[in-house]
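The task is simple: from the sequences and hints, build the whole structure.
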Amino acid sequence: MVNMAVDLGGLKMRTPVTTASGTFGYGAEYVGMVDYSKLGAVTVKGVRMDPWPGNEMPRHAEVPGGLVNAIGLQGPGVDVFAAHYVRHYTRQVGENAPPLIVNIWGGSVEEYAAVARRITEAVNSVIGALEMNVSCPNVKAGGHTFGQDPKVLYEVVSAVRAATTLPLLVKLAPNVPSIAPYVKACEDAGADALSLINTIPAMVIDIETRRPVLANRTGGLSGRCVHPAAVKLVYDAHNVTKLPILAMGGIYEAKDAIEFFLAGATAVAVGTATFTDPGVIASVHDGLVAYCERHGFTSVAELTGALA
Amino acid sequence: MVNMAVDLGGLKMRTPVTTASGTFGYGAEYVGMVDYSKLGAVTVKGVRMDPWPGNEMPRHAEVPGGLVNAIGLQGPGVDVFAAHYVRHYTRQVGENAPPLIVNIWGGSVEEYAAVARRITEAVNSVIGALEMNVSCPNVKAGGHTFGQDPKVLYEVVSAVRAATTLPLLVKLAPNVPSIAPYVKACEDAGADALSLINTIPAMVIDIETRRPVLANRTGGLSGRCVHPAAVKLVYDAHNVTKLPILAMGGIYEAKDAIEFFLAGATAVAVGTATFTDPGVIASVHDGLVAYCERHGFTSVAELTGALA
Amino acid sequence: MALNEQSVVAVHEDAGPGYRFLVLEAPQLAAVLVPGQFVHVRVPGLETTALRRPFSVFDADAGRVTLLYKVVGRGTAALAHVRPGDAVEVMGPLGRGFPTAPKGVPLLVGGGYGVAPLHFLAKRLKDPRAVLFVGGRTKDDLLALDRFAALGVEVRVATNDGSAGAKGFVTGPLDEALDGLRARGEAYELFTCGPDGLLKAVADRALAAGMPGWISMDRHMVCGVGACFACIQKVRRAGKIFNARCCMDGPVFKAEELVW
Amino acid sequence: MALNEQSVVAVHEDAGPGYRFLVLEAPQLAAVLVPGQFVHVRVPGLETTALRRPFSVFDADAGRVTLLYKVVGRGTAALAHVRPGDAVEVMGPLGRGFPTAPKGVPLLVGGGYGVAPLHFLAKRLKDPRAVLFVGGRTKDDLLALDRFAALGVEVRVATNDGSAGAKGFVTGPLDEALDGLRARGEAYELFTCGPDGLLKAVADRALAAGMPGWISMDRHMVCGVGACFACIQKVRRAGKIFNARCCMDGPVFKAEELVW
Ligand SMILES: Cc1cc2nc3c(=O)[nH]c(=O)nc-3n(C[C@H](O)[C@H](O)[C@H](O)COP(=O)(O)OP(=O)(O)OC[C@H]3O[C@@H](n4cnc5c(N)ncnc54)[C@H](O)[C@@H]3O)c2cc1C
Ligand SMILES: Cc1cc2nc3c(=O)[nH]c(=O)nc-3n(C[C@H](O)[C@H](O)[C@H](O)COP(=O)(O)OP(=O)(O)OC[C@H]3O[C@@H](n4cnc5c(N)ncnc54)[C@H](O)[C@@H]3O)c2cc1C
Ligand SMILES: Cc1cc2nc3c(=O)[nH]c(=O)nc-3n(C[C@H](O)[C@H](O)[C@H](O)COP(=O)(O)O)c2cc1C
Ligand SMILES: Cc1cc2nc3c(=O)[nH]c(=O)nc-3n(C[C@H](O)[C@H](O)[C@H](O)COP(=O)(O)O)c2cc1C
Ligand code: FES
Ligand code: FES
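Chains as they are written, first to last, in our numbering: chain A, 402 to 709; chain B, 402 to 709; chain C, 271 to 530; chain D, 271 to 530.
Quick caveat, the hints were computed from the structure, so don't treat them as lab data.
Keep in mind that a hint or two might mislead.
The list that follows gives simulated cross-link-like pairs (lysine-lysine, DSS-like), each with its CA atoms no further than 30 Å apart [to be verified]:
hint	chain 1	residue 1	chain 2	residue 2
1	C	Lys-340	B	Lys-656
2	D	Lys-510	D	Lys-524
3	A	Lys-552	B	Lys-585
4	C	Lys-340	C	Lys-524
5	A	Lys-439	A	Lys-413
6	C	Lys-437	C	Lys-340
7	D	Lys-393	D	Lys-470
8	A	Lys-656	D	Lys-470
9	D	Lys-396	D	Lys-340
10	A	Lys-552	B	Lys-552
11	A	Lys-585	B	Lys-552
12	A	Lys-439	A	Lys-643
13	D	Lys-437	D	Lys-510
14	B	Lys-585	A	Lys-585
15	C	Lys-470	C	Lys-340
Quantities reported herein were computed from a predicted structural model and do not represent experimental measurements.
What follows is the structure in structure tokens.
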């Protein structure tokens, strides 16, 4: 028996597997196709204060080994989310619904804090943690700018920290020369954990129409092709911090998740792969158990940073 | 008849296709397998002042859709390069050998300048341009550090500019929040063109041995999987500068190269794809001609930035 | 609640030039699908990371689900290679379908593979008054007409080049019929699937006549289940305009909801 | 100068448990390959971006190139599926091979698929004195012995488990033979290909005896032509130690050049 429980900066997860924000709706969409008992948490689509329409269509382009998306953080706003979607989630998934990690964003430091406060006040026991998105490449006024400069990052994380008692994850961008200053800013501001990685800025051009495929012109790359880059960032971050890391980026099978653990992750999120095969979540979970058994680990937590 | 000639910051290329540094040796290795008449230039492996051993083995890991390498810039030093390899290249490739773009690097600003000066003084008419590598992720003391900070970048490019009369390309790293400050530093320092992109920092872990596959632990990702990210960086750079751009990153067919031209490239380099199929160079060239004909472009130079 | 069924190819045959019928043994899905819903297919032969492809249901009966598809790109090209006995992962039932208790004469209007959900609809309606209006560029774009005839559905055809039926757009025969119904004061209900231009033409007619119009939208999809927001369509509901998810809030919308 | 030939599979057959012979119609390559050189194969069935896989040449004759390979990973597993008539892109001739005019008794020492280049060598040597020493864990690792016998090459075998020939390492029979030759004052020349441990053992013996030793190295490769520096081996030449490219400066090195 492998102990699959992990503690992600105060969020107790019964398994170290969650979903990546934006690839699993508000948590109930995959009922019937995903075995929720294998999830230690469900991470939902980014939420901000007011309803947000997102970008024009088309919002995605399939590329070899991945996906480029520019959804643009569409969402109903925090009130509808808290009132409607959270209830829908618990009702649909049932008794054993894993805790929610609520991904949040805003157009200003104040908005980030306000969204965090509103969700914290909702006092719904299914809400387990907040994940601050400061790294979405698809909204100009939004997340990305806050994550580009360690000083601004420190400010916005500090403000959210002051606004919530929930475990606080900060989701960082992959396109930085070195992750260290960003990690330090999060630590100093009181974050409980890090999420790595968000999508990599990317672009696809239709050479026949000579136009960008996405209405937003550019988007973010996810899927298998980003995995080796994500492993490196998790490894780098783990080398400079004791903060636990939620790792994501191109997990399609247990092997990909195990690489993340060995590089330093405490938990992992399955994202783009779910679109192709919702069964990936269960097979990552089961593959982790099998790997621990085969390699003599009694607890999945021992895998974190366990390079030989 | 499509006019395939382009001017890459003073380097006259008979076609807009070259090879990516480090994937085409010192230029003669693919004689017999590549139609050199379809190349407008040949870009050679990074050269520094003294011989350099590179990293330990293993130096590569195959990943889905690409390659992670940590060669570590092995090379014989500028003197052996200038004396032996350049001569070997012209002898082997013959009369119509395309000009060489010599990729250079160093451990200090002074060394960069010294290598540039030595190559410039070699006055070998086959040497067409210099490409400064300030973005290799695989040598700690080397290239990368110079490319991470726009101020340091400005300094090292200025020093090389003062040391050479050859057309000067600067090859930038992809892992930056915004390419603009780096482009500006190159412009201000007098660069003639930009090369985009170098490899993306990456890591592969063997989960059975629980060790990084590469002796260097981490490496650089290249190949098809980096293409959408590379197109975005070329697009961004083209939006903030008039400097011509040599684009590379995951070109496997003409379509990939055409995306680069539409995004703003003046010329393109085929890299990792050559390992799998040296014929990619000719098919990219021929596909470009066919595309121009089909779309009514009389000159490939018209494609640059030609988004509808 | 959707499920992901491991189906087995039973029959795979031509349905006209560039079109194919794919019949899958998929008893769980066949039992629950309703007309207008779609399935999300993992195409065998594509790389393991490839996205699924959405297809309307042409028929669901006796443990089998039939799709009618057109080869348009690399996914459908790969799909065309599956053979009887091959396994195909199919997610469904997805989205909201058509209502199947119309308040008037059911008029079905289709273009191209848009006739697929209309066939399943006609079969479930079992309404002898049902008429299919179908258009195409040439007679090669007219699909499965024999299958509609077998259901006892009257078929009225238009082709742009006049190679079959009336020459011109399908709105020609449709407007004729609408005039007749209006003259007789008969209520009708419009159901349509096809290119955006056709959908809008049909929606406009439903709105103008104050008759119900049910419009099935074709939008590029990623997840197919409402999880990603890739497939939006602007709609007005309860006075508010918002971006609905076609895969979850649609693909069938009411004519009056749509904001074009 | 290398070329990239579009070969066609002529024969593909088992060569022992987990081992296969692949015979390719490749007249251009067959005409120029020399023993110890290798070819770089684009494996059909792998994704289009997959790297090539390097293989020594087992035989090159009458327009055909034969490889002897072991299924060890995904590339060789995919290769095992090619069928007669399939096209296979093969790059070659690559690297420096063995000298084929030995100054003494040619002693060939192989392990596993390392016998491949030694077979081609034996065939070209046409030296009745040639002896093959071959080792393996069990008799299942002894490959193509009949093919060596057909060339008139004497074969001396050792297996770790004693299931064929002498029990123990191949260095047992080899040392016996070396003792005999030394006793008779006969010159010999060593040629070897196999696991690193074996290569070092043979190189040490050549150096100790002052006899020529030719060592074929197996290093992970990317380009196969000297363009990428992925495949290095430390060597000493003209007093200087440097990282040689196995694909270009090797794969065959002189025993005294190698720095282990
Ligand atoms: C609800 C719904 C029902 C559909 N029903 C049918 C049907 O019954 N018969 C039929 O032939 N086709 C149907 N389609 C369209 C079908 O999904 C596309 O033709 C198919 O996805 C094209 O894939 P491809 O790889 O061949 O084309 P490509 O153009 O190579 O596909 C590239 C990408 O674009 C997406 N894409 C391309 N065209 C469409 C499209 N029209 N709609 C959605 N995504 C698209 C693909 O999913 C893929 O991500 C339906 C679409 C939707 C949304
Ligand atoms: C000069 C030379 C001659 C060779 N001759 C033969 C031969 O005659 N018969 C034979 O069976 N094998 C031979 N090999 C080894 C053969 O190339 C590998 O077994 C093969 O590449 C493994 O590929 P894979 O995809 O099955 O294994 P995987 O382990 O899945 O391959 C993963 C990666 O590692 C590389 N790789 C793995 N093992 C080796 C290896 N031993 N050498 C080089 N690259 C490796 C692959 O190219 C690939 O990039 C030779 C290797 C070299 C360098
Ligand atoms: C369609 C889509 C929508 C996404 N939306 C969000 C989001 O709202 N907030 C966020 O922090 N990340 C978002 N992401 C990023 C993912 O959560 C994840 O970080 C990234 O996709 C890498 O993981 P993957 O390769 O497994 O998909 C989105 C990704 C995709 C593909
Ligand atoms: C094996 C290898 C060696 C490389 N060596 C160098 C180098 O010496 N100097 C340099 O500037 N870039 C080097 N690069 C980066 C390439 O020139 C190119 O920028 C990168 O691989 C992206 O292009 P691609 O995807 O077409 O390979 C190397 C890349 C590879 C794969
Ligand atoms: S396709 Fe994902 S929400 Fe509709
Ligand atoms: S494999 Fe590229 S240099 Fe040897």
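These are the hints, each one checked on the structure:
1. C:Lys-340 - B:Lys-656: Holds. Lys-340 of chain C to Lys-656 of chain B sits at ~25 Å (cutoff 30 Å).
2. D:Lys-510 - D:Lys-524: Within the cut-off at roughly 15 Å; holds.
3. A:Lys-552 - B:Lys-585: holds (22 Å)
4. C:Lys-340 - C:Lys-524: The hint holds at about 26 Å.
5. A:Lys-439 - A:Lys-413: Distance ~14 Å between Lys-439 of chain A and Lys-413 of chain A Cα, so the pair holds.
6. C:Lys-437 - C:Lys-340: holds (23 Å)
7. D:Lys-393 - D:Lys-470: Within the cut-off at roughly 25 Å; holds.
8. A:Lys-656 - D:Lys-470: At roughly 35 Å apart (the allowed maximum being 30 Å), Lys-470 of chain D and Lys-656 of chain A break the hint.
9. D:Lys-396 - D:Lys-340: Answer holds: Lys-396 of chain D to Lys-340 of chain D is near 27 Å, not above 30 Å.
10. A:Lys-552 - B:Lys-552: holds (19 Å)
11. A:Lys-585 - B:Lys-552: Answer holds: Lys-585 of chain A to Lys-552 of chain B is near 22 Å, not above 30 Å.
12. A:Lys-439 - A:Lys-643: holds (26 Å)
13. D:Lys-437 - D:Lys-510: violated (41 Å)
14. B:Lys-585 - A:Lys-585: Satisfied, since the Cα-Cα distance of roughly 28 Å is no more than 30 Å.
15. C:Lys-470 - C:Lys-340: Holds, at roughly 22 Å.
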